[in-house]
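Since the structure of chain A is provided, determine the placement of chain B on it from the hints.
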Amino acid sequence: MVPFCIFVLCFFLQAVSAVYSDEAFRTDWQIANLGDQVYSSVLTATNYITISNNGVLSVLNNTSKDGLVQWRHQLEQHTDGERFLGVLNNEVIVSGTDNLLQLWNTTSSFLISSVYLDAPMVGIQSLSNGELMVVDSSGVVSKVDSLFQVSSVAALETGIIKSIEISSLNNGNAVILINSDDLYLVDLRSSSLSKVSLKNDLNIEATRILTMHQNKVFFVTPNDLINVLVLSDHSKVSKSSFKEIKTDYQSELFKLLDLNSYILVNNFDYYASTTKDKSSIKYAYTYDENLVMSLSYNNIQLFDSELGIEIVKYNHNLDLDLDGAKNIKVAYTPSADGASHNIHVVIEYYNKEITSIYNDALLWNRDESLSEVDEYIVYDPSKNLQSQQQEVANFQHYLEEENNVDIFGAFMARWKDHWQQLKKLDQIITRGFGNIFSFGDGEIDAKQKIEFGLNKQLVVLTKNNKVFNLDMETGKINWKFSQLSKFMDTNNRSITGFLNDNNKNIKIWFDDGFVVTLDIANGMVKHTTVDGIPAHKKLIPVNLNEFIHEEPAGLLDDDLILRLDGDQFQYISNNDATPELSQDLFFSYINDDSTAIEVFMFNPSSKALVNAWKFQTDANEKIVATASSARNPNSMASIGLILGDKSTLYKYLYPNIISLAVFDDASQELSIKIFDSVSGKLIKSVFHPATDKIDDTSIQMIQGDNYLVYSFYSYHPTISSKIHVVEFYESQKSDQKSLSSITNQSVSILDYDAVQPFIRFKSYNFAHRIEKLALTSTKFDISTKNIIMKLSNGQIYLIPKFLISSRRIEGRELTNSEKMEYMNIPYDANLPINNNAIINHKRLIVGDNKAQMFSVATNLESTTIICYAGNDIFCTKAYPSSQFDVLSAGFNKGQLLLTIAALVLAGLVSWSMVERKKLNSFWIDNY
Amino acid sequence: MSWYEELTNPPIYKTAYDLKAPTGFKETTGTFQITKPKSTKSVNNRKQINDLKIKKGWEVALAPVKSLPMTLVMNYMTGNTLQIFSISMTLMQLVNPLTAIFNFNQPFEFLEGGDPGELEEVQYDVVIVKLAFIASQLVCLAVGIYKLNAMGLIPNSTSDWLSWETYPNFKEVNIGIF
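In order, the protein sequences belong to chains A and B.
Residues in the first sequence are numbered consecutively from 1, following the working numbering.
Residues in the second sequence are numbered consecutively from 1001, following the working numbering.
Don't read these hints as lab results, they were simulated from the structure.
For lysine to aspartate or glutamate, the following DMTMM-like pairs were computed, each having C-alpha atoms within a straight-line distance of at most 25 Å:
1. A:239 with A:165
2. A:693 with A:669
3. A:779 with B:1165
4. A:646 with B:1165
5. A:486 with A:519
6. A:733 with B:1160
7. B:1171 with A:753
Please read all numbers here as calculations on a predicted model, not as lab measurements.
This is chain A alone, in the form it adopts within the complex (with noise of 0.2 Å):
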């Protein structure tokens, strides 16, 4: 009896481990980063504030070590004007973008105040007192005082603003100097003016006028020597106010010294015979009349400007790469006392890297080169390509025998396989046991780790080429690799391929050939080049076993497909035997300038790519956006849809559909055009007209297994996105079958030519403006598919796809069968924001269209891990149909074991309590 209760109980018994939510998936963190390039800075005493090319103002606490964000707002993106930065009493931030100027408090981040100006701003200054000076592009100048009053001041009597300085006296004026010529001194406690020319008045000539500084402004003569005009009246400006200091500095000396701020050049001997060095000074500053900073490779000096004394000298021992420095800001913050000088630098190199000195020490190092990701790879180091298409044969080995075994041979095969796993219940007790008493911090161990998919690590190209090695757990930097431009500079190449070599390597392919790899454990080069490579073409590498997982189909991993010169293909192989592919391959080309697209086949007898059909564009017209199916190869989901009657509405699977988005630029009308990427055939096409006023730059598409979706931002009906949906099924009715009625399993489509799909549409209106679109994959996409929004406004957002489904219902009740259906509601044109599904939470998501947005699965099916790399980089966990695989955070550990062990205590009780009635049922007679 026993053996065959255990026979029957191992059909039932599957060994399982489970772990914590809070255990499993730490993975939610984000690297905020200032902007794709500093385009401007101001650093104080306790801040530095930086505003980027696409608009991000940042605020960094500059007294702590950790050199984080401290908050950062997105301005408006797009623009062609300048942006201008300032500080207001040392507590406002002053942003302006064209006519509109807002300041923020520094610490809150609270927006005090938005002003818009008559005429679009070409200057701000801070001045000496606290207060602000703009000045527009009309002429006038205006103050914005300690209580955020804008006022105008005073109008410059002038045309066209072509270039503009202003320099802050010490008395609160200022000085403006427009179109390198007109000086004129604003006075703004009396509004007043006065001018003079340069070249009129003063005769001076300047090829070049390179900086201001307080009461001087420095320039470059015809001769090319550098030489100081000083104002010595600091309340007006006249004919008799000015001196001029010749000097014998040329130029390029000024160029070397110079890194965008202020050199004191009449006091540069003063230091230069001090340090006995001139070579070591890289940068000097001068904090007011009285006072010179230098900055060197290892050391921050301060000197008495009149007598040339060394005040204080901080060796930092950094060894400072201050040749590559962009750009150098300094704050020097003396105690009341003046008996500490202390001094804040912040350097800001080419490279992207920002260096924050303080003193001697270095305060903190930030690389935003993260900014600006080109390519990414997502890899698990405890796995290679064979053990994961093992993994997924053998779970393709189980699907089938599932369906085709009979019912006894099912029950058998099930049997053994818990067999199995119940004979290696020692190990799971052991690994598990320490796991059920433990109720300590919740770390799980590597070996979990491998086991729920989650020890995955991601490494990002950069725009700057540099590569990062992250972890995707914790977003810590494992390794970095920043010598890729070594490899560029001299032979003019570019990066065109970057490749995973079975987890191993990371390939980076240069245009001519040249190939990089580097060992993906710790960003070591391992190989310079390659063999058999055709050098002096330009190659666009495409590894073809990352894309065929149907079966491994004879390729090796350096089977490349490569784009050379123009529109050419040819594929390369370090094996000479023929392939021998099960299947036929296609891959489709967009053109350089985005007006056709080319699909080509490969002929592995030939080891040549045919060209298979085209599609040409008309004139004006471009493909802005591309999407294909990509056919998940564990997939297990439904090949229908269960309607509520319990009939079915199967779907049309096919893989091989493209979808292209192509935008008329003289008619500004869109349409969408759907093929089938092996015949060439149009399966449909939806035409957008122009009087919905589209913005091209907002198209979006995605594709999932029978439908696509594509978004766009347009002005009319409503301003707003719209989301569109179109689904392809078999039939209009439910229970017909077209191409799942095919039971032979390896078909041509050619041979169904004449199968087309039912197509529904449907289309709903979405309030923000979306700037990427992605769907969730997890292990067999049984979790419901997910769309992953990146929105204008920072958020990230996820909407289930039933939302955006083409069958919700319009105009009508729902009927008793279609309420009965799962998740079928009536539709609503407008999509709502359900605040719990933003996944970043209270973070602000910095990006544009251009950044990278996917979802990587991990081996719970309910998860998944969704990343985003745009100007900032950030990854989260996502459960697209909720936690139903993984133990809750609620779930009581402690109070499981102590009803276990109640119960067993029971169970022991009430047997002792039976077996002695039993006993006194023999003795006593009732009668």
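Leaving out everything else, chain B in the frame of chain A:
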């Protein structure tokens, strides 16, 4: 020992002490027998009893059908959702008619008592009654099956077998857009 046996053939209790029986108590040895009166039933009388028995038999046969309205009301009230109460109720509706059909003679045992050949005249009626009983149980079963179907527990639609359906693999593979 059933109440009928106890009544018709009471056990003999002997006292442990030598006491005399109370006045009027007739001590018997052996089993107590109710002596059946000799058959004086007339043919008419037997017919009446048979009619009564058949009438009673019809009552038993149609009892399940009579309880159907209540069952239908209950089914309507419980709805088609899968809950422990409605599932157990539906299972009872399936199991009870089946057990009743398999033991269809049991409710009609009372017809069998009496003299041999007593039911000869109405033997066809007895068969019809039993068939009617089976039919009414089948009606109850049908209601149970209907309820089961309404709950979606009978795999009779394409969606029930969807997991076993496969989609063809195509020879052509699109490896992406570049």
